[in-house]
Amino acid sequence: MTRAVALSALALLYLPMLAVALFSLNRTRHGLGWGGFTWEWYLRLLQNEAVLEATRNTFLLALLSTLLATLLGTLLALGLERHPFGRRFRGFLETLLYLPVVTPDLILAAALVVAFGFLRQAFSLFEPGLPAMVVGHVTFQVAFVALVVMSRLQGLPRELDEAARDLYATYPVYLRRVLLPLLTPGIVAGAMLAFTLSLDDFVISFFTAGPTSQTLPLLIYASARRGVTPEIHAVSTLIFLLTVLAVLGGERLTRRSV
Amino acid sequence: MNRLLVWYGELTTAPSLFLRGLLLVLPGMVWLLAFLVLPGLVLLPLSFAERGAFGEVVWTFSWENYRRLLGFGVLGYSPDNLLALLRTLWVALVTTLICLLLAYPIAFFIRSKPRAQRYLWLSLVLIPFWTNIVIRTYAWQLLLAPEMPFARLASALGLLEPGMALFPSTLAVYVGMVSAFLPFMVLPLYSSVERLDESLLEAVRDLYGGPWRVFLHGVLPQTLPGLTVGVILTFVPAMGMFVVPDLLGGAKHLLVGNLIQQAFYTMRDWPYGAALSLVLVLLTLLALRLYRRHGKEVELA
Amino acid sequence: MRILAMLVVFLALGLAQKELRLFIWSEYIDPAILEAFTKQYGHKVRVDLYESNEEMIAKLQAGGVSQYDLIFPSDFYVPSLIQLRLVQPLDHAKIPNLKNLDDKFKNPPFDPGNRYSAAYQWGTTGIVYRKDRVAKPESWGVLFQEPKAPFVLMDSSREMLGNALKYLGYSVNTKNPKEVQQAGQLLLQAKRSRYFLGFEGGVGGKNRVVAGAAAYAVVYNGDAMRAADENPGKVDFAIPKEGATLWVDSMMIPARAPNPEAAHRFINFILDPKVGAQLSNYNRYATPNKAALPFVNPADRKNPAIYPSPEAMRRLEFILDLGKDNRIYDEVWTAVKSR
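Protein chains in written order, with my numbering: chain R, 1 to 258; chain C, 1 to 301; chain P, 1 to 339.
Quick caveat, the hints were computed from the structure, so don't treat them as lab data. Bear in mind the structure is a predicted one, so any value in this text is a computation, not a measurement. Careful, some of the hints might be misleading.
Keeping only pairs whose Cα atoms sit at most 20 Å apart, straight-line, the calculated PhoX-like set for lysine-lysine is [to be verified]:
id, chain 1, residue 1, chain 2, residue 2
1, P, 175, P, 324
2, P, 148, P, 241
3, C, 252, P, 94
4, P, 191, C, 252
5, P, 106, P, 94
6, P, 241, P, 104
Output of the computed footprint for chain R on chain P, the stretches with three or more beta carbons under 8 Å from beta carbons of chain R [stated by the list, open to error]:
id, segment
7, 21-32
8, 260-269
Even for Gly, the Cβ is constructed at its ideal location relative to N, Cα and C.
Next up, chain R with everything else stripped away, as it sits in the complex (with noise of 0.2 Å):
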């Protein structure tokens, strides 16, 4: 029962990318006749310098904003988690924290144009374009990031830190030796998330991005409304495969190193 259940609401997650993946190879361009088998909107691809360009723009701000995201969120959930803050301070972080959750995207968004528009004024770096994109996405992953960490860290036995701290006595030793080999999990959890969030997200990205600094979303987006192109299909199923690699690539290894 939970087998049959899980399965199929794998399927759900999977059947729309078949079906992009299907189409990709659909020699008809417009509508949903099959009109043959072809490899020509990939290789079509490789001439498009939009697509190239907006891929080299979605990993390069995803990369970016996760790296910066995560390294802030740690360092917050460890300060929140583990430090004994007063009542209302702590009160006070949790909120902020509880706030990009609570904010939808799209709020977040028009609160950083209002922003990003005076703050422009005095700082060229929020123009629009990479530098302002990196901004957006960083302020709203910290806060998954701090969450799945906390979250984790919950989860930690106070023992076993009582018992390390036995062992260890000043506090770096002790977060390299236990702690964030412990959390490590927990971190790339955090980190995997706030770079899913990243490569997801359009409304920000539409709102913050430049003319040089076009993502795949934002492609898509504007695709998708002018009547989705094969090209955009066969992009699709790259990402999609080269993710599936990525992923038994770091399976592997991680079996390799248990």
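Please build the complex by placing chains C and P on the supplied structure of chain R, with the hints as guidance.
Showing chains C and P alone in chain R's frame:
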């Protein structure tokens, strides 16, 4: 004053502990204050401003935007915006519930696998997620098109006129929403389910018997941290969603997200958009507060 | 040696012209024209696309004003752009080809003296339809009154409400809230139909008809003409008997454009008679360039869907900027879209 204390096995003083905590928290705190709180605070005065004739912001103080939100437009009363608010709450709630019902079996299914395989299965849940929501939503348009098996089946059963697609429809919106947010629920829930104490479950099983009771008294309390994160990660973006109803609802199932998007994208009525945004945030906070209060009770029981 | 190489790189960088960034409707420019421009002036051209005027202005307001060199708004948004100080005046000395414009477009009411804008293309709206599935739509009634096949409406408030107003026999520029409201009701009624597939901007509706998902879509005439050519016997275009909206798109330079020099060059390039004709022959929209007319495909010049007859022109109406009263349309459109 600098009394020694023991904190997680560490012998230290309160001020030094506080200082270290502050240093850890500071970068993230400043970042969020600068790029989230301050910009958010600007929305408040903005929501009392007015749109000028050309779509510019006129800084005045008026309740006009909120009156309009309640339905008092220049063209007489209509509760459309209020209905959209209610609809948003309902759709987000149902989506979260469906995700939850699907996420538990997935989490347990992954747990039932040998340890070495779990990462693989978890990744399997995440992979579709790496493909952007826009394309996944568009993909459902493909799947629900008249030429595809689903629509054919529906029309063969007499549920659908031949040649029509299964979208735009309410069903399509829910399908799109659930497939968009399911991984958000599975990931944190699994991290709790994985650490589930088996011996405790067995004790509950001996004590209560039936699977429903085991879930209620054994699984639920233990997985509550993950569940809470999952519910928040699902419910909140569902509240602000506009891509899915846009592409699968055919402009018939508008949510507040669509209204906000329209206010900023097409009406260029930033003040009204700000008012809508604030109400949405308020609504989300309210729903979460209700949930958290309820959540605490479960924890105690 | 290394110093020499660096010198070469510096020289190359210095000599390379800054790129020109267009922010333009999708499928609205012949790529060959861009290549010719790059060849002639050395500016690489970067193209970013939009599907509606509203989207374009929203993006300009969100900082795009310093990112793009050229935009292509419709006539009824020109006054707003000027009022909002999102555009800069044109330097007529740099655009000698401005004289090529037809008198009608030389001193347009929305921008007296072409201070800020130069016309790009003009056209109408109408219905693109599946010839192989439905009859030619003679009236807007096929959408607004008891629709019988799947259809897409245009995601543009003034154009969609304008056509509904036309169907009701009113002006597309009426300032009477009652009439606009009536048009809104009509759209709502159409929206409630189970055949309604949604609002699509730009070429979205056209592509749904080409793909076969929709039988009718409200679109701009040039997009429809191109679709009809590419799918003979399947797709065609009609302007309903009640009439439709008319528009002119203009070239304008954002207030803080990074490369206004190249933008002026590009405007002048487009206003060249041969380039203007090449543009219209690709786009299938009418050219506002009088000097270009002799070079336009004779078949297109005779095509009433591109150059409507004087008789047909009487039923067509330009959308005007209504200043304060724009709000009536905004409100009704919000109600239409949100119900």
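ask   = Which hint numbers does the structure go against, in order from smallest to largest?
value = 3, 6, 8
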